[in-house]
Structures are given as structure tokens and as C-alpha cells.
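Trainee: Could you build all of it, start to finish, from the sequences and the hints given here?
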Amino acid sequence: NLPRLRLSNDLMKAIIWIMRECGTPNVPGFGRLRNIQKRLTEASPVKPEKHTSALGNIFYMNNPAHLLSLDWANPGTREMIHVYPEIDSPIGEFRQAGKWANESPLEDLSPM
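Our numbering puts the first residue of the sequence shown at 282, with every later residue one more than the last.
Since the hints were made in silico from the structure, they are not lab data.
Just so we're clear, the structure is a prediction, and the values are computed from it rather than from any experiment.
Result set (DMTMM-like, lysine to aspartate or glutamate): computed pairs, CA atoms no more than 20 Å apart in a straight line: (1) K319 / E330; (2) K319 / D291; (3) K328 / D352.
Mentor: Structure, rendered in C-alpha cells:
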């Protein structure tokens, strides 16, 4: 199922016909295939968000934070994510220091 790859109905019907002619087992009918695609799209937790560029072009983008949360929630993917521990001392990064985190004026910090 490739939701971003738009195939016309006639082309999809031709592909199904060719698969049947080649003897492929369990080839669904055209209506059943489109129904399955619709249910998969509705069941997917990833919903593309519509955006308009400065030039007026319309495009869709998946929310990266949502995609990362799915990776963290998936046990098969999560075991491959390496999280580096924070070592309290000695301090190796400015952001680890209490003075930087608690005592610095906000105007001295980056906008991030």
C-alpha cells in the first residue's frame, strides 16, 4: 500500500488483471483493494498536515514530533534508539550547569 503513489483506477485494474493472469494467489478485486486502502488510511495515526508556501504552493507534511513518538512507542524500533546518559559531573556542556539553567538572565539565552 503506497498512499502517496497515485495510480488511476484503470491502471490499478490493469495491474490486478496482470497479477491474475500470472497466477498470483489471493489477488483482491478492485473494489475490495480500494476499500482496504481506505481503511488503512483511516486507521493510520499519521495524518498529513496541509501547508501553503510563500509562493502559494500547497503541500502536505507529516508532523515530525508525531513520527518520533511512534518510533519511541514501537518496541521493535525503540530497542534500536540509543539514548546517551547525562553524567552529572564533571560538567561537559553549558546546559548541564545549574548556574546556566537557573541563574542566567533569559536575554542571555538562545531563543530555542
